[in-house]
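Residue numbers (my numbering), protein chains in the order written: chain A, 1 to 497; chain B, 1001 to 1185; chain C, 2001 to 2348.
Keep in mind that the hints are not guaranteed to be accurate.
Once the Cα atoms are required to be at most 30 Å apart in a straight line, the calculated DSS-like pairs of lysine-lysine come out as [claimed, not checked]:
(1) A:K255 <-> B:K1128
(2) B:K1128 <-> C:K2083
(3) C:K2345 <-> A:K63
(4) A:K213 <-> A:K107
(5) C:K2078 <-> A:K107
(6) A:K248 <-> C:K2083
(7) A:K255 <-> A:K213
(8) C:K2141 <-> A:K493
(9) B:K1128 <-> C:K2078
(10) A:K213 <-> B:K1061
(11) C:K2238 <-> C:K2078
Keep in mind that the hints were calculated from the coordinates and are not lab data.
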Amino acid sequence: MAKRPLIPALLLAAVFLAMPWRPAPAGEIANCFSQGLQGSCTERVLENVQFKAVVLQFVDPAKTDLGESFSRLMWREILDNISNLANAGVILAYDRQGEIQRALGDKDYRLFLESEYHAAAEAIAQQLKTQMSVWGAVIADGDGLLVQPFLTLETGQGPWTTLTMHSGAIHDLALGARIAGNRLNLQPLTASRQHLFDRPFVTRCSLSAGCPKGVPLRAGASNDSPVAGYVPVGSSIQAIDMQREWIKLRWQTDKTAYVNIYHLEMFPLRVTFSNRRDVALRASAKSGSSQVAKVNLDGDYEVLDAARGAGAEPWYRIRQGSATGWVAGRLVARRSYIFPAVNLIGGLFRYGRGDYKGATEALQAYLAEAPEESNVTRAAVYQFLAASRIAGGKSIDRGVKAALADLDRSAELTPFDPAVYNLRAVVQLGSGHGLMQGLKDIERSLDLDPSDADAQRLLATMVDLSNRHGLEVLGIDQDLQAAARYIDALREKYLRS
Amino acid sequence: MEPLKDSLDILGWPTQAVNALRAALSDVNIPLPAWFAQAVVLAGFALVAWYFFHWARGEDKKLVRMGQLLVGIAATIGAAAILFSWGDGLMNQPSRQLVGALQGAPLDAAQIDLLDYKGDLLGSAVDKDPQTGTFVINYDPEFADPPSAVAVSAPNCPERRLKLHRAQLQGARFSVILTCAGTGS
Amino acid sequence: MRPLWAVAAAVLLLLAAGRASAACPVTGEVKLGDLPIADADIATVLGGADPVSRGHSGADGRFAITVDPLPRDMQVLKLVVTKPGHAPVLRLLLKAAGSGCPLSPQEPVALDPGLPPAGTTASGGTTATGAGDTETKLCAKRSSLGLTVFIAPYRIYGGGADQAAERLNRDLPEIVHHRILAFESSLAGVTSFPDVSVETICLPLTAAQGERAQEVGHNLNALGVIAGEGELRDSQGKTVIDLVSVFRAMPAYKSYAGVPLSIEDTIPSDSLRPSRIAEQMRDIWGKQIVLAYALQQLASLPATPDQAEIGKLTALMVSLRKTMTADDPLLGQVEQVQALLSDLKTGP
Chain A
1 MAKRPLIPAL LLAAVFLAMP WRPAPAGEIA NCFSQGLQGS CTERVLENVQ
51 FKAVVLQFVD PAKTDLGESF SRLMWREILD NISNLANAGV ILAYDRQGEI
101 QRALGDKDYR LFLESEYHAA AEAIAQQLKT QMSVWGAVIA DGDGLLVQPF
151 LTLETGQGPW TTLTMHSGAI HDLALGARIA GNRLNLQPLT ASRQHLFDRP
201 FVTRCSLSAG CPKGVPLRAG ASNDSPVAGY VPVGSSIQAI DMQREWIKLR
251 WQTDKTAYVN IYHLEMFPLR VTFSNRRDVA LRASAKSGSS QVAKVNLDGD
301 YEVLDAARGA GAEPWYRIRQ GSATGWVAGR LVARRSYIFP AVNLIGGLFR
351 YGRGDYKGAT EALQAYLAEA PEESNVTRAA VYQFLAASRI AGGKSIDRGV
401 KAALADLDRS AELTPFDPAV YNLRAVVQLG SGHGLMQGLK DIERSLDLDP
451 SDADAQRLLA TMVDLSNRHG LEVLGIDQDL QAAARYIDAL REKYLRS
Chain B
1001 MEPLKDSLDI LGWPTQAVNA LRAALSDVNI PLPAWFAQAV VLAGFALVAW
1051 YFFHWARGED KKLVRMGQLL VGIAATIGAA AILFSWGDGL MNQPSRQLVG
1101 ALQGAPLDAA QIDLLDYKGD LLGSAVDKDP QTGTFVINYD PEFADPPSAV
1151 AVSAPNCPER RLKLHRAQLQ GARFSVILTC AGTGS
Chain C
2001 MRPLWAVAAA VLLLLAAGRA SAACPVTGEV KLGDLPIADA DIATVLGGAD
2051 PVSRGHSGAD GRFAITVDPL PRDMQVLKLV VTKPGHAPVL RLLLKAAGSG
2101 CPLSPQEPVA LDPGLPPAGT TASGGTTATG AGDTETKLCA KRSSLGLTVF
2151 IAPYRIYGGG ADQAAERLNR DLPEIVHHRI LAFESSLAGV TSFPDVSVET
2201 ICLPLTAAQG ERAQEVGHNL NALGVIAGEG ELRDSQGKTV IDLVSVFRAM
2251 PAYKSYAGVP LSIEDTIPSD SLRPSRIAEQ MRDIWGKQIV LAYALQQLAS
2301 LPATPDQAEI GKLTALMVSL RKTMTADDPL LGQVEQVQAL LSDLKTGP
């Protein structure tokens, strides 16, 4: 009798041990910075992650020594932005150089990137099976620097950049078109070197052995440098520069020291509140701490200081009028980083992971934050917004209306891109109320580029439906005969066998 | 000359014993400078030697007297060893630079640390010459408290600790060979 | 007593003479691969002390310096070799037994190859073999493939902005090259685009010197020529610069040639940076390069052109137009080139 409970227990244990590694939440899954364990940790976790981006070293032709620094900063900011998103990962290429080099046939990926830009980033994303490559360039700009981030979307990793709709009436008819713009040149930022790193950081311990004396500071930007001192975990430090993965900071009034970026939390530079009333500003980063003032918060606020509260929730110290105090991160509508692109990347992550509400918020935040962004990038963002609304819309009608409005904005920005019209055609046709409008959009697309594959495919689907007398599934209350004639005319003019 | 210099390491046992005592006291928050701990132990040895020689003089039983003499001699040797190490340290200044060569892993990627008597990190600065595989550890020697070992590690290579002997502390060069996974070294 | 004093003095003198450091020669060679490197700065560092500059390498890359013997408690002298454009190289010179002198490096000091600034070459007076006076005057070499954009130095009139103008002219080629490469590589559906170089000439050209710019561009077989100038003035108590930049594409096809684009801007005098100029032009420079390339390819087509080539150029123009808004200044030119290509197309 006594042995019986043992067998099920053993079976349970065997099942548990045989289970694949539980997918970790996003955030630190690509960073297992503990001495001796880093390689095994990233390999094991990232295998099971469905949606990934790789952050490549920034191209640095003037050898400012900041190429690696910016890639690490960008990587950490993205991690902060998607920290609550499960099954999403960010790889830092710098830590996997050997693997990338081998995957590229022993090509130095940095030289490849510097000479081929997006084409190289795409090839690397393909090799690493990531959906996105994030990279950039650091260029000497007089007495300052120009830092331009780039985003390359890898469309081969599943249909995540395709907007698909199933017809309103029957679900076996799927219409799809690709979102344009998989190679995005994002708005550069120009600043002096000091200004780029002039921000607060909060220390943390990333060593598996713990930090009993505190977080170590080094005299130089190297592990070989002598330890200059220690700061307690959770302290706020003011950075003044960066060298590779080392942040330079002011130490003991008149000295400087270096701390490894792995020992620092990344918090946004500014936070935005959306008409929050009667918010309690607190004396410390705890819900239970005393109230300093009760204020209304609306707009952008500089983050004076940051900390992690209970449950690792971020808290930010801000100033409102003459009052300064702490406010919980959950009240924040939007976070702004050194790179506005972080919100765009975060939005695409959420879209890729099916968090459409989050994606919509993040992409709208990005559009609000980057009004000077190029028309091509803004057009692509509106297309992703439209796709988020369709996929995540509670009511198909409301989703369609909002998506069409986004696509109209996208068409204003890139009026000569067939992709916008293809997407609009898909939404119109899929809504069940826009048959003629959809056909007009297909025509517009083919007029711009008769060889456009998506437009050709959509037209072929329409021709097939028309031949099978199945147009009513797309437009019950519309003139089907006129539509059939229109399709015939388009077929004559554009359809390639 | 080298075998003689190495054989002088044998006389290091009293200082090693003192360091063990220091380590134990340091763990309970009583850090003692090396010279002070050695001075106390030296005084202890001297006292023990004096007492045992004194007792031996008045002891009739041969066996007991021999035992007392042996203890006295041992204590004398201990005291002498401490005094010798002090004298050696004063006459032959330890080098402020320890010079080594690394094999088995690229020097650029290697982490090289100097360890004190307890095995903790000692403040030092390391310069590397990747072209020759040579490195130099710069540090400020403290009287009677030399570093105990050099720890070298590199990605995919388990850490190697090399105990530092008197010769190396005086400037003799040493080699560290790492055995790394997946490298043809 | 006197002889005693004399003896003591002599002993002291002897001791002092004995202590006088014998100089230690250190020789070596600085190389980059197999090439000797001249004018590399040679410095030595002892322990934590400040570096001491000892001289430079000669034309043959060799150097010979003199240092003091190392103190008893030091084993190594650091040799630091620096050359602009390369990471500093550190060599450890070990102490020789007996003399206390550091040993010279056995192998040449190898500089890190580094990466030359992409798309740029050093301009400054060198001429190609057999090139004419024009290249000498322009300080640039004629492009063999016609894939080079040449930038004339910007002049800022009004005084007080010489340093800013110098920095601008120094950094502008890199930024322009970066923007061109970024734009080309972002074009959807374009699998490859030729490697366009950006180089400088030493002859300033004003925005109004259209004919001169054309002459320069044709002499150098340029893909395009960029010229610009600025003028300082006072605006409500602040100093501003009125800047104008002109991009001229060189290739022409039959009677059709690209139209020069001129962009004007007024910026605070302390904001004169290459990125500001590049920002003025946004992606227009990139678009003009693509247009210029298409015209160049068109002009080089045979009488009965290969339809595959026509197809490629058509696809290139389609990709280019995708990036444009309705009010893009280059839209008309792109549509004209598309019309030219359409005329050359035969079949479906």
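Hint by hint, here is what the structure shows:
1. A:K255 <-> B:K1128: 25 Å, holds
2. B:K1128 <-> C:K2083: Roughly 19 Å between the alpha carbons, so the hint for B:K1128 and C:K2083 holds.
3. C:K2345 <-> A:K63: 47 Å, violated
4. A:K213 <-> A:K107: Between A:K213 and A:K107 the Cα gap is close to 43 Å, so the pair fails against 30 Å, i.e. violated.
5. C:K2078 <-> A:K107: 34 Å, violated
6. A:K248 <-> C:K2083: 25 Å, holds
7. A:K255 <-> A:K213: 20 Å, holds
8. C:K2141 <-> A:K493: 50 Å, violated
9. B:K1128 <-> C:K2078: Holds - the C-alpha atoms of C:K2078 and B:K1128 are around 10 Å apart, at most 30 Å.
10. A:K213 <-> B:K1061: 57 Å, violated
11. C:K2238 <-> C:K2078: Distance of about 51 Å is beyond 30 Å: violated.
Taken one by one, the earlier hints fail for this structure at numbers 3, 4, 5, 8, 10, 11, listed in ascending order.
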